[in-house]
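Chains as they are written, first to last, in the working numbering: chain A, 670 to 988; chain B, 842 to 1130.
Think of the hints as simulated: they come from the structure by calculation, not from any bench. Built from N, CA and C at the ideal position, the CB exists for glycine as well.
Estimated spans, in silico, between C-beta atoms of each pair:
#, chain 1, residue 1, chain 2, residue 2, range
1, B, Ser1121, A, Thr736, 57 to 63 Å
2, B, Arg915, A, Ala712, 38 to 44 Å
3, B, Arg1037, A, Gly703, 45 to 51 Å
4, B, Arg915, A, Gly703, 47 to 53 Å
5, A, Gly703, B, Gly1003, 31 to 37 Å
6, B, Ala1033, A, Ala724, 32 to 38 Å
7, A, Arg698, B, Arg915, 51 to 57 Å
8, B, Asp1056, A, Ala722, 17 to 23 Å
9, B, Thr986, A, Arg727, 40 to 46 Å
10, A, Leu680, B, Gly935, 51 to 57 Å
11, B, Thr993, A, Ala722, 30 to 36 Å
Here are some chain B residues pointing at chain A (derived, C-beta under 10 Å):
#, residue
12, Gly1023
13, Glu1060
14, Gly1065
15, Leu1072
16, Asp1077
What follows is the residue order along each chain.
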Amino acid sequence: MALTQPWWGALVLLVLTAVAVIAVLWRRRPRVPGGALPFAAAARLRSLPRFRALARRRLRWAVVEATALAVAAAGVSMLVARPVDVDAQSAQRSNRDVVLCMDVSGSMQRVVRDVLGAFGELAGHLEGERLALVLFDSAAVTGFPLTDDASFVREQLASEAREMTGRRVPGTGLGDVGSSLIGDGLVSCLQRFDGDPDRSRTVVLATDNQTSGRSLYSLDEAAAMAADDGVLVFGITPNDNTVTATHELTEQVRLTGGDTLLLDPNMPLGDIVEAVEATQRRELEGPARLEAEDLLWPGVGLTMVGVVGAAFARRRGMA
Amino acid sequence: MARLTRIQTQVALATRHKVGGWAEGVHASVNAGRSLEFHDLREYARGDDVADIDWKASARRGSLLVKRHVAERRATLLLAAQTGRAMAAMASAGTVKRDLALDAAATFASLALAHGDYVGVIHRGGATVSARPTSRAVHVERMLTALERSSTPTSPDADLAGLLDTAATVTRRRGIVAIVCGDVEIDAHLEARLRRLVVQHEVLVVVVPDIDPTDPALEHPLFGVDNERPLPRLRDRTLRDEWLADVAARAARRSAALSRLSIRSTTLAPDEPVVPQVLSLVRSVRRAA
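Please put together the full structure from these sequences, using the hints given.
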């Protein structure tokens, strides 16, 4: 919540306070109403215990009334200050694209469900981003293109996980050029971005980095291409992967500014999220769009509560 | 019409056939004395005034006879009236306490004047005002007017104890002191002063009540005459009970104190004619005598 006109609100509050202070300081003696009759034994009447009790009760209600009026004044000031609900974050987040890139080669078959689970978790952390899913082996297949429909993403990831039953994913095995072509897969994933220069781009690449076959692009070339495009690449490897393969992947991925994580139930996906959000700040400094929505209910609520409370207290005090 | 004249008319109507007031018989003295009213004749004794000898009767009888006259003793009525702003307050929704007090005072004065007694009015606001007792209606009227003038909302408060002190010293002869006051509490000081007055004079007390502030039928708001602050509307049943109990307890204490001193008193009913109420007080005194 932010205040659009804090100075106006403060001014109104100041004026109302000043009016209250002046009213208290310049309080005149209560005036005898016209037609009132003189009464000689007022002191005796005032000393009756019941009269004192009634006077105390009236005083208490007067205090309640003053408090309620103060609340109403605060409410009016708040209304004048025009609070707004600034919703800038989702607008920023929607300027990020993440391609989830999964190796579905035979060596990865054991862990694809875990990878999809990790992707699902990542998608849960990243709200408002556009996500895409690409599956590759010797060729890449688009699971779903870039979309910011979060429920669709969840649905698709779940259905992919259901369909991973150990067989090859249709369309990922093209010809006999080999399998698990990581470089080609990564390049394919890079091509799933729509080329909007204002959007930050991230690839989350899940692979064991064990290429078998003739790849058009080596991993080095693919990583260099990603770095040229300003795409952040994160690697996710099975935790029982060979050290050299993981190391090689990590080295390449670090060129783009990313890192490699081991696939693990407790995998610190927060690192990826933070890194993605960091790219956002770097990429989008100029057109930070603030979506401000008038926030009326706190001011209106305070004013209503104050006015109704004051009226109630006055009625009770006069009773 | 002047207040005294009006009250005199009412008193005359009310007393024509019934009573002549307290003066009747009180000062028709048993002592023979000097006056124009013939009493009887008796033998001349050494020392009698020669001017009193009834020469014609003496000639018929052959020895000196002197005329005896009824001793003329005029009583003095002292009206000790409470004044001040408290008396400018209301006794009921339609009656000011001052009017009740003045009517009561005028009734006493009318009775006294009807019997040729002297009437003096004393009141005490800032300073004591006492006029020389007079038997002339015009003078009495003037005194009552002065009383009225010192019972305005801006008048200083009355000092009842000082007023009673003055009443005790202003006349030496035995007379009647009629005290007209508000709903006062008779404390030890007042009681001591009243005791002194009772020894010297016949004392009557007329109490003018205050308006009931908790009366639900009251249409107008009230304000305290002492500090000119408005009173809130009082619609509380408990408060009403407490107030009525307070008034009743006060009246009980007062009448107990007055009956210890054997002083006759009455509390005026504000919305009824004043003259009959005062007359019945006077009659009760006469019966007691």
